[in-house]
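Trainee: Same order as they appear, the protein sequences are chains A, B, C and D. First residue of the first sequence? That's 107 in my numbering, and the numbers climb one at a time after it. First residue of the second sequence? That's 107 in my numbering, and the numbers climb one at a time after it. First residue of the third sequence? That's 107 in my numbering, and the numbers climb one at a time after it. First residue of the fourth sequence? That's 107 in my numbering, and the numbers climb one at a time after it.
In case anyone wonders, no lab produced these hints; they're calculated from the structure. Owing to the predicted nature of the structure, the values given are computational and were not obtained by experimental measurement. It is possible that some hints are incorrect.
[What the hints assert, rightly or not] In silico DSBU-like links for lysine-lysine, alpha-carbon gap of 35 Å or less:
id : chain 1 : residue 1 : chain 2 : residue 2
1  : D       : K440      : B       : K440
2  : A       : K362      : C       : K362
3  : A       : K389      : B       : K362
4  : C       : K440      : A       : K389
5  : D       : K440      : C       : K440
6  : D       : K362      : C       : K440
[Said to hold, decoys possible] To list a few chain C residues with every Cβ distance to chain D over 12 Å, as calculated:
id : residue
7  : V180
8  : D252
9  : R269
10 : E354
11 : H376
12 : N435
13 : E470
Glycine included, C-beta positions come from ideal geometry on N, C-alpha and C.
Protein chains: 4
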Amino acid sequence: MHVDIAIRNGTVVTPATQAVTDLGLRDGRIVQIGGELEADEEFDATGKLVLPGGIDMHVHLTPVEIEGGVVAWVDDFESGSAAAAAGGITTLGNMTFPRPGEGLRAALDRTRASAEAQSITDFVLHPVLLDPSPAVVAEIPGLVADGHSSIKIFMIAGDFDTRGREYLDALHVAGQAGALTLFHCEDGCIISFLCELLIAAGGGGPADYPASRPIYSEAVAAARAIAFARAAEAPIYIVHLSSAEALEVCREAQAKGLPVYVETRPLYVHLTSEPFSEPDGAKYVGNPPLREQADVDALWHGLSAGHVHTFCTDHAPWNLAEKLEPGANVATFKPGVADLQTLLPLLFSRGVLEGRISLQRFVEVTSTNAAKLFGLYPRKGTISVGADADLVIWDPERTRTVRAEDDYSRSDFSLYEGWEVTGWPSHTFRRGELIARDGQVIARPGSGAWMGCTSTGCRLSLAVLQKALIASACSWVRLVSQSAPNAG
Amino acid sequence: MHVDIAIRNGTVVTPATQAVTDLGLRDGRIVQIGGELEADEEFDATGKLVLPGGIDMHVHLTPVEIEGGVVAWVDDFESGSAAAAAGGITTLGNMTFPRPGEGLRAALDRTRASAEAQSITDFVLHPVLLDPSPAVVAEIPGLVADGHSSIKIFMIAGDFDTRGREYLDALHVAGQAGALTLFHCEDGCIISFLCELLIAAGGGGPADYPASRPIYSEAVAAARAIAFARAAEAPIYIVHLSSAEALEVCREAQAKGLPVYVETRPLYVHLTSEPFSEPDGAKYVGNPPLREQADVDALWHGLSAGHVHTFCTDHAPWNLAEKLEPGANVATFKPGVADLQTLLPLLFSRGVLEGRISLQRFVEVTSTNAAKLFGLYPRKGTISVGADADLVIWDPERTRTVRAEDDYSRSDFSLYEGWEVTGWPSHTFRRGELIARDGQVIARPGSGAWMGCTSTGCRLSLAVLQKALIASACSWVRLVSQSAPNAG
Amino acid sequence: MHVDIAIRNGTVVTPATQAVTDLGLRDGRIVQIGGELEADEEFDATGKLVLPGGIDMHVHLTPVEIEGGVVAWVDDFESGSAAAAAGGITTLGNMTFPRPGEGLRAALDRTRASAEAQSITDFVLHPVLLDPSPAVVAEIPGLVADGHSSIKIFMIAGDFDTRGREYLDALHVAGQAGALTLFHCEDGCIISFLCELLIAAGGGGPADYPASRPIYSEAVAAARAIAFARAAEAPIYIVHLSSAEALEVCREAQAKGLPVYVETRPLYVHLTSEPFSEPDGAKYVGNPPLREQADVDALWHGLSAGHVHTFCTDHAPWNLAEKLEPGANVATFKPGVADLQTLLPLLFSRGVLEGRISLQRFVEVTSTNAAKLFGLYPRKGTISVGADADLVIWDPERTRTVRAEDDYSRSDFSLYEGWEVTGWPSHTFRRGELIARDGQVIARPGSGAWMGCTSTGCRLSLAVLQKALIASACSWVRLVSQSAPNAG
Amino acid sequence: MHVDIAIRNGTVVTPATQAVTDLGLRDGRIVQIGGELEADEEFDATGKLVLPGGIDMHVHLTPVEIEGGVVAWVDDFESGSAAAAAGGITTLGNMTFPRPGEGLRAALDRTRASAEAQSITDFVLHPVLLDPSPAVVAEIPGLVADGHSSIKIFMIAGDFDTRGREYLDALHVAGQAGALTLFHCEDGCIISFLCELLIAAGGGGPADYPASRPIYSEAVAAARAIAFARAAEAPIYIVHLSSAEALEVCREAQAKGLPVYVETRPLYVHLTSEPFSEPDGAKYVGNPPLREQADVDALWHGLSAGHVHTFCTDHAPWNLAEKLEPGANVATFKPGVADLQTLLPLLFSRGVLEGRISLQRFVEVTSTNAAKLFGLYPRKGTISVGADADLVIWDPERTRTVRAEDDYSRSDFSLYEGWEVTGWPSHTFRRGELIARDGQVIARPGSGAWMGCTSTGCRLSLAVLQKALIASACSWVRLVSQSAPNAG
């Protein structure tokens, strides 16, 4: 067969396939695996891995505009997606905040327009539900019909603690519509209480940060989100889980058959809380805080055994001066760091090469599971005929030292500065286009596209996963056999 | 490309790939997915699924010869592998018992010879460790070097309760050699005590069967096997787990990062213990017994969420007269039933179509995971270029009624007699050979082959999985990139 | 010694003492155990038990006046305390609701005055925090200084779901002041959501009652109350716990050293949820609902093993016509029943005589623990020199049939109508006064008194228990040795 | 009343009574509490506590004679009981090992004779079951009939791992007879395996000691003992529990209503494993090893919340030279230390005064619970009319420094040398006789007596506790009301 691109002789790996073979790409898709290929352009992957492009479902590349101000991170879709591409990621999921008074669809449309102008990677948008009033909640089914697959709820933000019942209604509506609801799980009452107490006691500095957002406040919030999910019969996805105790809560829910999915992020598997006591402790602030070694171990075990489903960044980049702003305290520290460009290499180096997780699980938590959960599978998240040619040629032997200055993120520091990391992407393809080579981005901003899960094939995968887990009867296999999921 | 066989337009599914596409088979292997194909022989899979052939790692197709007698099931490799093939299974793992005084290798060689003469499916052999004396244990590393990947330990049989320390030594040796140790987990002391008590009290009939082998005797045996695994730093695989309590023990071990794998079987997800009180209650006897609805639910949840890894038969077929032999009691009932031909259809019908598990998990627990755990992956267990063409064309809409008389097993009854089951294989291919069509076996006995995991590629997958979980460093990726796992 | 009353030759039992001996009472107190006694009045307890008077810390004998109406149960302190006395109870703890706009102290003073006029038993008052505004919360330390030892928070009532942070502040203030905070644990958001859903679906009748207030809504509310307790470093007491799952949450908190105390009540150990499906199902409504047998078993085990601390009624009596009011639904059924007079006999009969709990635990959960937790010990809750002569002569062999018409409660029905119950009080003494004999009350209304825990001795016991559990240093033993707890 | 001894004005405390009052003693018993007393001898306890004498149910004061040698600790009943008396303990439970070929009764009789000649305290004897052959097991019911209440099983010793079924039979016989079975819970297979492995690897020194007997080997042994208890329907008492994980196993069993009692000892609440890495690490060796801080915390929580029932020594004294014997390794270190004289003061100082447990729990775990579990209650373990006058006048303000040279034990070192401890006994009475004053023993060897639980009253308490927990019906209250438990 004649194709646009042939990638030759790589070790092609998904969580359930492994072959030293050739891939044929045409019109942005994978059209042939193995067999005989002629191609316009050839890439030799001998001695390298060929993996599905990374999917990071949790980034902040657009500002939050609220009454009285704007929270603006230092990256936008242009710089952020460049960092992603350089690091082997081909699809992003952006937290999309409505402006005051703005509806969810308006926020999505506005954000999609700006992302389409800037992004190098493909992307989806998670509308953040800041106002669970009936009119806003009523938008959700229409959004799903148009290809959106999620909403995001912050248990600590805004008014969750005063409008819980409305948020529960929203979760119910989202579940009925077929959307997955993302939960930031920390108990707002407890955190605001402890912050006040610590500050009143003369503290409130970085060393107090873990005490201001204790593990039990995460665990109980997770428990409540799960109870809401049981009541609403809706699946939930808990973002950036940080502790063994909260993970245990999720694990027990999964054992009861509840559709509870778990995301963690680099901070919680590569670092522990000791740095908070250093002079620049505020540099490490994230919500939730860094935890202890036992938590780190539990999260690695979860990534390995399957009760943690995705590994995402919560990329929320600042410059160091902003992180270390004098006078800030546990209630006002700027949370988050830049993690996009190093997400995959750090996990590969410390996870796969140091034996904590298998290569299969690496692919699963960085790509396949996210695609399945957010309705993009099998278009994304795998290497399968008909799938988008989102591919990374991965050099498992390449060692580089992490330097913030090498990173496309505009953030001027990295928590991993100076770390030696082995395993980096040599080529990143997005829908068949080479967008980065050896850490250099070569695609133009705006070449990325919004990914709707409007085709039957895409929508099915989410439904299947959810339906399977909530144990309701389904006849989807008949649908599968009648549809052409990879045709569109 | 010109190939021997083309399978056209099926929905090709593995746990991590999904495509409506064509497959090209040559010399018994999958050589091309998608693209352009010419073929000597064509199969149209339109509207059907194409799945990896089933792998049932737990069957009894050879007799147990012990001092003073022989335990002979009614199937041998000829009838058993025919039932397997008719039901969509292409690889079997047979429990291989040494004769008194016979070493493990001798038993394996003898059994391999007879299986090679009879089997329609491919197969591996698990040597059963009945005598953990140093000379026997010392055979294990050599067996692994020759391509065997497992040993089997019965916690209830023979002398586990008097030679525990030696069995622990054997587990250690097996783990060091890279083998996976299968454990039958029930506490022999408790079971023999309770059997005597029940019989002495004038009972001991089928209605007493659950009480004679209580859930806690399974759970505590699983806990002890896991503790042995921690001490020996060796992975274990617990066969035919039956209860929520024992599963919880395993799940907690997995959350600690321990390499504990779990198998369950049809009896424990399709039936509960009520039938033991019926006149023909002995018909349902298996070790362990059927349990309660809460156990059934927990096992389905485990199959769905991932803490149960494989779904196998423990095919141990008898004729009904043997099962109902007058005078038998809880200590002497003949355990086991024929399950091979209906293993996949029943799981598909009640699991996938009724929404308890996804199609992806169906493939994972019936094929992919077993291949990974026993060193056959990616040669077996997936649909990947270079893999053996072990394939099933699956008709998800075909409904049939289970009848023992339609089953290739020589057992004259089925526990599922009369059940309406939807989803059956229409074609079964083993290494590119069509061995069954619409429930009729068309291959000759002896066409199956023993599968050694001697190639680097095969051996790696087991090591990777185990190493990942026991968190030791490994450099396997380099090995992967240097080897050609699919070439041989 | 010459005393007012001698009780001769009974088997005198507390959780940690047991003797066939004589008791000497003078001026309302126990002044001598054993030895030689002359008395003005003699009671022969040969063949009977002599136990500390029962303490029921959870009753509703005063109406709730809210905006737009009054919730008025059919008993007041006169009828309620008579039922208590007839059933062997000598101290009550009444839930005391402020009127709209009324402060806690005003509500307590008002209620105390009316109770002092009516009550036959002694009593304490738990102020219910319906408005956690700073001014109201600021009253708490003063109330504790005056001898109150508790506050009550309803997680389902009023505004817990909109003012959680203020309730957490209140819990903190209460803990700092030395008070114990009672929590009704059910998640208000979930319950209101499910009630609406069930009613909208055309249901909402008694058969839906369990589904409208599911076990997980209790368990997650308990988890959140416990998390609040950790943040506030305050002890909590969870009223009327009903389920195994919620009990497990509490048990795990206790194992972490957290001061979490648990109360259950007759409904949850004597009945299961089946009656809700009967035509008069609404008769059985309580908050939370009756549960399943596994919950009943878990609560009995908790009463026996010590992780359930008290057994109280939540006496909330209605007439049957009110319970069965036509048109009521899951959101409006009248919760609660009359349980005071049968509390102890039913627990003795089904708990002690049927072997579920020991006699020692019977005394502990019906008397001693409540006295310790609410600052009344050792004045109440034991048989010790200097203690109030609150005593019950208990006939362990007396069998009676429960009849609502024999009960001093004005409620016109009993859920236990017709049950044969063995073990009844023959004499009830309150501070040395015989107040009931063979089920007949002989004391005058108003003879009961409010019990403040103002003496050092009383206050200490609460502090000790709490301090021990929250692991802060204390020097109370020195205080004990310097004080004379039983003198005042 | 005229009595032999009056103890005036102490704060008399049991777990359920508390009074500043006088006690009257006559003929070795408590005959009057409060009231008017004339006495031959007076003791002023003003400002002090009066507590039940301590009961340490786990001591080694008689040698173990086995084939090929004798294990002889440095204390016998004379020195051991002197240390006990000086430390406030009035009753001991001694592990009584049969000689090779000797039956249980013969061993008990022989040991009783020597103890009666030497002991200052009262005592019971736990026969150790080293040979569970039918003839030996058949002795058990007769022993119980004669007033013995226990047997001891070592899961690590001798032949548990080869004769498990016989030990299970023994447990069943013991349970049927009404005896409590003590279990030393560690898995012998795992420990011997790890010891060999560590020694073979060139280690095996004190620093390896924790690794040689890991926590999971204790937890799984506890799980198995509990499973045996379920099968045998017999209560068990797990000696010297050391870890959070094993405690969790027990706690879950208790929550299921199983009669599982837990003992811990000073080593596990006062020390952690760090000292094993010091040059004299072998000094700290006990079976099981010292654990980590999380284990210490869990045991304190268990002592406080009630899932640890007793606090005993496992007093097994050596001289330092024996502990530090050159050439010893993890398989041969001499386990155990002298703890009798400091058992109560250390627990009071670090437990009660530092707020970890209440004074009530102190009495419960050091006296009352042991008496109840071993059939001595209410004769022992409380301060009740008719009870033995086993009393300690306890000075809660007295501070002393621990010195081995001040200890009656012949062991020449103390792990607590130099510790400042507050709270010591000033007077110890055993059956009304003053046996120690201010740390000086003043009674003669041989004044102590064996305590049989032959009276109905004593036997009942054990039965009650067990029956309550195993949930079988009982009619004991009738028996109580007909018997005179304190008369005999």
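Trainee: Run every hint past the structure and note whether it holds.
Mentor: Structure-based check of each hint:
no.	hint	verdict
1	D:K440 to B:K440	violated, 50 Å
2	A:K362 to C:K362	holds, 24 Å
3	A:K389 to B:K362	holds, 31 Å
4	C:K440 to A:K389	violated, 56 Å
5	D:K440 to C:K440	violated, 68 Å
6	D:K362 to C:K440	holds, 33 Å
7	V180	holds, 34 Å
8	D252	holds, 23 Å
9	R269	holds, 32 Å
10	E354	violated, 7 Å
11	H376	holds, 16 Å
12	N435	holds, 36 Å
13	E470	violated, 7 Å
Violated hints, in rising order: 1, 4, 5, 10 and 13; the structure is consistent with all others.
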